[in-house]
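Enquirer: The primary structure of each chain is shown beneath.
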Amino acid sequence: MRTVIAFICLLLCAAVAAGDINPQRAQFNYQMSCQGCHAPDGSGAGAVPRMRDHVGVFLATAAGREYLVRVPGSAVSALSDADLAEVLNWIVLEIAGSSVQVAFEPYSAQEVARLRQHPLNEVARYRAQLLAEIASTQSRE
Amino acid sequence: MKFLDKLFEQQTRQLAQRSSRRGMLKTLGGLLVGAGTIPLLPVARAAAEAPGHPVEEGDPGSCDYWRYCAIDGFLCSCCGGSENTCPPGTEMSPVTWIGTCRNPADGRNYVISYNDCCGKSSCGACLCQRDEGDRPPYRPDKTNDINWCLGTSSAAYHCSTAIVVGVAFEEK
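Those protein sequence lines, which keep their order, are chains A and B.
According to the working numbering, the first sequence is numbered sequentially starting from 1.
According to the working numbering, the second sequence is numbered sequentially starting from 142.
Bear in mind the hints are in silico, worked out from the structure with no lab data behind them.
What you are looking at is a predicted structure, and each value in this text was computed from that prediction instead of being measured.
The C-beta atom is built at its ideal place from N, Cα and C for all residues, glycine as well.
Treat the hints with care, since some could be wrong.
[What the hints assert, rightly or not] If you only want the chain B side, here are some residues facing chain A, beta carbon under 7 angstroms, derived: (1) Pro235; (2) Val236; (3) Thr237; (4) Trp238; (5) Ile239; (6) Val252; (7) Asp282; (8) Gly292; (9) Gly307; (10) Phe310.
[Said to hold, decoys possible] According to the in silico footprint, chain B covers these stretches of chain A (three or more CB under 8 angstroms from chain B): (11) 26 to 35; (12) 113 to 124.
[Said to hold, decoys possible] Computed list of chain B residues with no C-beta within reach of chain A, every gap over 10 angstroms: (13) Trp207; (14) Ser223; (15) Asn225; (16) Gly260; (17) Asp272.
If we strip away everything but chain A, and leave its shape as in the complex, we get (with noise of 0.2 angstroms):
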C-alpha cells in the first residue's frame, strides 16, 4: 500500500516538477544546440558523452549538479539563462532515465544565470574526479 501511495506521489510530483518547462521549445532548443553532438535520443557518440540514464548521476552531489551549467556545452550556449535552465531540467526529465537518485529540484534562470560564469576549461579530467567522488559518496551509504 505505501509503495503504491509513494508512486502515485512520484506520478504527481513529476507533473508538479514538470509544470515550468514548455517541452516543444525545450525539446527544439535540445536539438538546435545539443543532439548534434549528443544524438536525438542522448545517446552521445564516439567521445561525446552519454546522457541517456547516465546524466542524472551528478545530480548526487552540489558540484556534479553544477558541473551540468558549467560544462561549455551549456555555459557558452547562444541559449539564454531561461531556456538553458528549461532544456536542463527537460534533459533531467526525458534523458536522464532512473539515473536521477535524488529528489530533483528544477534549476531556476537565476541559479544558471551564476553558474554559466564559471564555465569549465578542463573538463575530462575535472568529469572523472567528480564522478569518481560521485560513486566513492555512494558506496559509503
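Add chain B to chain A, keeping to what the hints say.
Expert: Then chain B, alone, in the frame of chain A:
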C-alpha cells in the same frame, strides 16, 4: 419487508463476490497509467504532425532544394544515396550540425540535421554551398567548415544528407 431484506442481501453478496477489495486501487492505477498513454496513441501524434514527412516540393538533387539552406558539401542525392540516406559503402556520422530551413510548401521552419556520409573519399558531384546561418568556427556547433565525420570509423568525408528531425518552435 422480508422481501427487501432478501433483495439487498443478495445484491450485496453478489457485489462482494464480483468486486475485489483492491479494485479501487486497480482502477485508479489504470486511470493514471492510461491517461499517460493517450498522447502516445497514433491519433494524438497525427494531430501533432509527423515532422519526418512534411509536405514537400522541389528537387533533392538540386542545391536550391529547401532542406539545403545551410549546406556546404556534396549532395548524397547525386552520389548514390538520397537526402535522407547514405550511398552504399559509406557510414552516416552520428555527430551532425543542425539548423533550420523554411519549407516553401507550407511556410513552416523545420529542424534539419546535416548528417555527413563518411568512409569514402569526396563524392565530387553536386557541390552546394548555401551556408545560411553558418557561423565562424568559434561557434563550433554552428559552423559547417569543420569535418563533421565524427564518431564514425573513418573521418573521410563523402557527401551530406539533410534530414528533417523536427519542427522549429516559434513563440506565439
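Enquirer: List in ascending order the numbers of the hints, as given earlier, that are violated by the structure.
Expert: 12
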